[in-house]
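Asks: From first to last, the protein sequence lines are chains A and B.
Here the first sequence stands for residues 0 to 427, where the numbers follow numbering that gives the first Met the number 0.
Here the second sequence stands for residues 0 to 427, where the numbers follow numbering that gives the first Met the number 0.
Keep in mind the hints are simulated off the structure, nothing from the lab.
Careful: at least some of the hints might be erroneous.
[Claimed, not checked] With a Cα cut of at most 27 Å, we get these calculated BS3-like pairs of lysine-lysine:
#1 B/LYS381 / A/LYS31
#2 A/LYS1 / B/LYS381
#3 A/LYS257 / A/LYS155
2 protein chains.
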Amino acid sequence: MKKISPIILKGTRDFLPQEMAKRLYVMDRIRKIFEKFGYDTIETPIICPAETILGKYGDEGDKLTYSFNDNGDRRIALPYDLTVPFARLVAANWRYIPMPFKRYQIQRVWGAEKPQKGRLREFYQCDIDIIGTKSLIAETEIAKVITEVFNSLGFKNITIRINSRRLLNTVLKAFSIPEEKNIDIIRQIDKLDKIGEENVIFGIEKLGIKEGKEILKLLKPEKTNSETFEKLEQYDLSELKEFFKYCEELDIPEEMIKFDPSLARGLDYYTGITYEVMSKDLDFGALCAGGRYDNLCGLFCDENFSGVGVAFGFERIMMGMETLNLLPAIATNSKVLVSIFDKNCISESFKIYNQLLDAGINSEICLDPGNLSKQFKYADRKKILFVVILGPDEINEGKVMVKSMLTGKQKDIPIEQLSKYFNGYLTN
Amino acid sequence: MKKISPIILKGTRDFLPQEMAKRLYVMDRIRKIFEKFGYDTIETPIICPAETILGKYGDEGDKLTYSFNDNGDRRIALPYDLTVPFARLVAANWRYIPMPFKRYQIQRVWGAEKPQKGRLREFYQCDIDIIGTKSLIAETEIAKVITEVFNSLGFKNITIRINSRRLLNTVLKAFSIPEEKNIDIIRQIDKLDKIGEENVIFGIEKLGIKEGKEILKLLKPEKTNSETFEKLEQYDLSELKEFFKYCEELDIPEEMIKFDPSLARGLDYYTGITYEVMSKDLDFGALCAGGRYDNLCGLFCDENFSGVGVAFGFERIMMGMETLNLLPAIATNSKVLVSIFDKNCISESFKIYNQLLDAGINSEICLDPGNLSKQFKYADRKKILFVVILGPDEINEGKVMVKSMLTGKQKDIPIEQLSKYFNGYLTN
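Pulled out of the complex, with its shape left as it was, chain A reads as follows (with noise of 0.2 Å):
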């Protein structure tokens, strides 16, 4: 029979248990702290009518998008992001949610770029919003789970670079730039650290624009916060220092919170503060970005919900993780593998493999009796901590013999205090 070739499309993946058990790990620690918070989760359709994910992209998404016509001729769309689709889903149920609505949301989404390294067509996203509110307190509150995510994954040396797209726009207004070109300068800003300065301002220079060098002059970070705020004392700084304030009153370390008037987040759906959150310790892009948004529900419905939000990079996260050392030897699921001396004991076997079911003990009962050096082998592949060990002559003595995986040690056990002997140390 002619075999069909077991690969898979470039830009997606296979998790074998090891990697899995890594994955969730990281996936566990994140929910958790959004769910500290009280975030809930929502899920949202994987095939979407194309409208409802391009939105106002329309042709020019289709090229960022992965996207199709399927049998029934529908134009279908997966999603890129996990923002829009959450606006689409507050659009349509904005009347059964208590707002502020506060969701978090990890999916899978897809790009349509051509995959290479470092660029995948399936990848993780995981997303907090808050959408209903145009609190301040709301972009703290983000500012504060984002320290509290990498402070839980072990991170060091984090930093969440911030600006105001008010401030950008503000700015740009100073310099009497009309008003329709901004969002084309600011996504040349916005590629600063990827193509450096000089490439900057000849792409503005490109637009029309001659003061590309005075408008990043400007926009440069000083070396303290408090510096970078007195060189743009004479714009309105209102809503960032009180961002700043809060961030300090909620104990967000000084050093993790960097006024950044040079970011420039590309998407034009931004109306106010920003994100960015970079590790020093790592030399990629962005691990988590967002910001503030006042009408991205505004596609798909009149009511106007202003929201903040920002998309943990989960990938770029398991990446950093891997070259920092931060991920932890992940122990496997099963504690105690119970052998089967021979097909004579297969009985015997089961009833002690019962009693730690019934005590809630994480085990295994061997498959195939017979040959105990392929049972150790099993036991040892899968990290095992005991096996436990029961021939003709245990069966007659009433015991059973515990080998430790770890240190190779045995014990005998009477076989009525096994899981006893187990339970506290193994119990999930």
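Starting from the structure of chain A, add chain B where the hints point.
Replies: Okay, now just chain B, sitting in the frame of chain A:
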């Protein structure tokens, strides 16, 4: 601006927090049982090369499978089950996996059939499989996992119907039926519950087989398992007898496991024991089903791994739990709302909030200061247990007022004792 309708595709769903909390509760319970038995999890891609999903079904499978050409003109399919992607993953990775390999997988899958009531386009399945052993202990373990999953979810009156594809083939051979017709006849018998005896007999006759009535009569289960065994004693029942003996020894209650020779899962890859789980309290189809397959990986590689597994139909289980009232009330994540009396009290409320966060108490800070009754309403809608109130008077006296949203009672607590007051009750 023209609005985009916030619709989703028929057969897909949005899940709001209340619904998600229930779904996560059930998924977590199922996951915990899988892990208790030592199953590890994997993850496979959602967008897949069509041939790896359709396998040997080819164009026929195309009708059942959600598939399309993407913008790169690749033929893509979304998985319609988790067994085929699992087989593909094993074929690609068996060298790196400890065998026997016990994996669980909880993911969305897609069907291409027209969505209607009870038939979704996008839904969850929860699968376990053991691959790499032919031992009947594997079948027994799967049966044990099934009992523990449904116990853990609170189902009573669960029956695991058991048959063997081997027995079915033997019986059909005894009726001198040409082997190549077996799977078509089995597919007819598979419809017994849906279309009734008469129609099945008619269907079998249309295949050119006259003995439909006799076959069904022979396969009809008797009242007790031992009567059914007796009725079929002229056939080789050794496999089934060994399996039932193991089940008894592994403490699977006799009344939960029913030998039903008429059970005929329609998939042609089954080769041995098959399962189907029903609830006597529900009048809809199987909650879980599966069986032994001897060569599923053979589609993808030369190695021959025998496996056995079942899929839990998550959506049907949810429906069943709703119907039988098995879903507990599920609390929201946040337990305490720290209110903010007015703009002047923000920093004092932040201090209280810091204290609770540091103590690891899931809690929320008010986002819109002032209007306490609105804050109480928010707590009430989200079912937050306690609201902490501190106005100018409380601040002066160094205390806070804690209001129980459940009883409506209020109590004064010195500020520095607040987290201690909650601790033990509320810490996660």
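Asks: Now look at each hint and say whether the structure bears it out.
Replies: Quick rundown of the hints versus the structure:
Distance restraint check for B/LYS381 and A/LYS31: the Cα-Cα separation of roughly 18 Å lies within the 27 Å cut-off, and the hinted pair is therefore satisfied. Between A/LYS1 and B/LYS381, the direct Cα distance comes to roughly 57 Å. Violation of the 27 Å bound is thereby established for this hinted pair. At most 27 Å may separate the alpha-carbon atoms for a hinted pair to count; A/LYS257 and A/LYS155 meet this at roughly 15 Å.
In this structure, only the earlier hint numbered 2 is contradicted, and the remaining ones agree with it.
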